[in-house]
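*Asks:* When you get a sec, could you build the whole thing from the sequences and use the hints?
Chains as they are written, first to last, in my numbering: chain A, 272 to 471; chain B, 2 to 128.
Each statement offered as a hint is correct.
Pairs of lysine-lysine, DSSO-like flavour, derived with a Cα cap of 27 Å: (1) A:K422 - B:K8; (2) A:K360 - B:K58; (3) B:K49 - A:K360; (4) A:K438 - B:K8; (5) B:K58 - A:K348.
No lab work stands behind these hints: they were computed from the structure.
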Amino acid sequence: MPVAIPLQLAPIQLLNPTMLPNEETTMLQKAMNGNQSAFRQIVDLHQRHIGATVRGMLGNDIAVDDVAQETFIRFYKSMQNFKGQASLKTYLTRIAINLSLNELKKRKRQQQIFRSSETITNYGENMTKDEGKQSDIREIIHKGIERLDDKFKSVLVLRMLQGYSTKETAEILDIPLGTVLSRLNTAQKKLKEIIGTRDG
Amino acid sequence: MDQDYQKLLNLLDTDLTESNDKEQLQQFQELIGSPSKVTPLSIDFTDKVMNRIEDEKGEVAPKDSGELMSKIVYMFQRVALSGAAAILLLVAYTWVNDGSISPDALLGLSYLENTSLDFSAAFNNSF
Chain A
272 MPVAIPLQLA PIQLLNPTML PNEETTMLQK AMNGNQSAFR QIVDLHQRHI GATVRGMLGN
332 DIAVDDVAQE TFIRFYKSMQ NFKGQASLKT YLTRIAINLS LNELKKRKRQ QQIFRSSETI
392 TNYGENMTKD EGKQSDIREI IHKGIERLDD KFKSVLVLRM LQGYSTKETA EILDIPLGTV
452 LSRLNTAQKK LKEIIGTRDG
Chain B
2 MDQDYQKLLN LLDTDLTESN DKEQLQQFQE LIGSPSKVTP LSIDFTDKVM NRIEDEKGEV
62 APKDSGELMS KIVYMFQRVA LSGAAAILLL VAYTWVNDGS ISPDALLGLS YLENTSLDFS
122 AAFNNSF
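*Replies:* The following block contains the structure:
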């Protein structure tokens, strides 16, 4: 008579955890093995950064919270695929940027359907006096970035608002360093055109 | 503020290369502050994420099921409720309109009169 052998799953190990701090590696491995409070800690640790990234991409919008939530949920679902080649922050930022770009595409489609002269803001349009009078320099940048094309938006958000180097930006967006440099140079000039037209 | 604003414009005007990358980044950070200053998310953000994960867990398809049956059951669960609601609506609509839920009424044949059948039969017989 065959003897039933109890099924015991081996704990999942990260293949290349060198990019991660020790504490984060432990937390991640616990989360990968189903520890909910470890995953909660990951969310607590990275939510501020992810929120700021999504906010940079989408502007002040009700969807920011949803897209940020979706970022962590996507990560939760695909956590087993994360091998630790990039830092967890970089990996989460990549998901956040991709989801934000999807959200922007969705909005564009909706704008095409419900096109209205009042709701569409054209690129290159001068900033209004109210916008120009924003006291916070970060706010001015945010408002300016909102009017850029998506591909310029993502490089500027990562670089200017999130403080990533060009190399890290290239890694997150999965594009060559040369492309990042060229996009950043163009984006900076366009941003200057937009915010440079404000009234004192 | 105006001084900072002018600094920003000048900074945006400088050409970015691999060599001045760090320097420009530092200048940006001095000007606009630490990136972690902004918190645009709701206070109970973590709870919301954890709740959504819990909710979605119940809907996740069986992972190691190579079996066709479990996949069919999973697909059926997703459409069963809306399917049942559609059937109930159809039955209710038929009952209100025809006062009956006979197969004829459900197929929309309750208004077909015998005379029209006789006529078509006679018409066919004439050939």
